[in-house]
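Undergrad: Sequence:
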Amino acid sequence: SGFSRGPPGIRRDRQLQTPPGDMFATPYTSIRALAAALLVAGSAEAFTASPLALSTLPRQASVSRGLAAPRLAALGAAARRGGLLLARATADDDEPAIRIGHGWDIHRMTTPELAGQGCVIGGVKVDCEYGIEAHSDGDVLYHSLTDAILGALTLPDIGQLFPDTDPEWRGCDSEKFLGEAWRRMDERGYKVSNVDITLILQQPRVSPIKDKMKDNLVRVLKTTPGRVNIKARTHEKVDSIGESRALSCHAVILIDRK
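Numbering (our numbering), first residue to last: 147 to 404.
Hints were generated in silico from the structure; no laboratory data involved. Incorrect hints may appear among the rest.
Taking lysine-lysine pairs in the PhoX-like style, the calculated list, with each CA pair at most 25 Å apart, reads [unchecked claim]:
#1 K383 <-> K404
#2 K337 <-> K383
#3 K404 <-> K360
#4 K322 <-> K404
All values reported here derive from a predicted model rather than from experimental measurement.
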């Protein structure tokens, strides 16, 4: 319904009013319109929202009702209808409300004698006939998750931060890598929203250690069990993974502002 006058001293072209809520067919569309308007306004110092549109916002959302403010309040959280996730309206768009990262890793498997070490997955030493060929301890789960966090933060990947040409990382416990990624995430003001892990390996069987792996992730990421999921599947005896000559892991992480 156009721009409102707003409080004295606020530039007219920096004020906006959301359209009346009854112009939209559902609360979902009014929420989306309000979010779009705020994001377009970007540097707006004040806005006035119609009561109906405000009443449809998620409880977590915080909005300024025509009061001067240097930055727009966070919209965050999922809308009640349609599963729409509203981005935080903020002047600093380099640090969005949510970030997503994906990581992948693969390592050759051989005997412990040839590898010079055993098999570690998710921080758990697996009692098996295999050893992992790697510069560090070769933990594919920790490596892929480390890369997922670094990717979400748009930082250099694990190979750049911890190069396999550096003797410091020879045989290193990969929890150090994951812990460092978490530290950087924490310093940037983010926390874990949820983690989804998919291990792909023919051998060794990991079902007996899934709870231990999950406990390790919860501890290192300083989160809760309900935010961490670990899945495992075989490779149907196809290719090097299916022939138990390698194992791999995919990791996806969603992080949000604290």
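Undergrad: Next step is simple, just say for each hint if it's right about the structure.
TA: A quick look at each hint next to the structure:
1. K383 <-> K404: The given pair, whose Cα atoms are some 43 Å apart, is violated under the 25 Å limit.
2. K337 <-> K383: 38 Å, violated
3. K404 <-> K360: 23 Å, holds
4. K322 <-> K404: Judged against 25 Å, a Cα distance of about 23 Å means the pair holds.
Hint check: violations occur at hints 1, 2; the rest are consistent with the structure.
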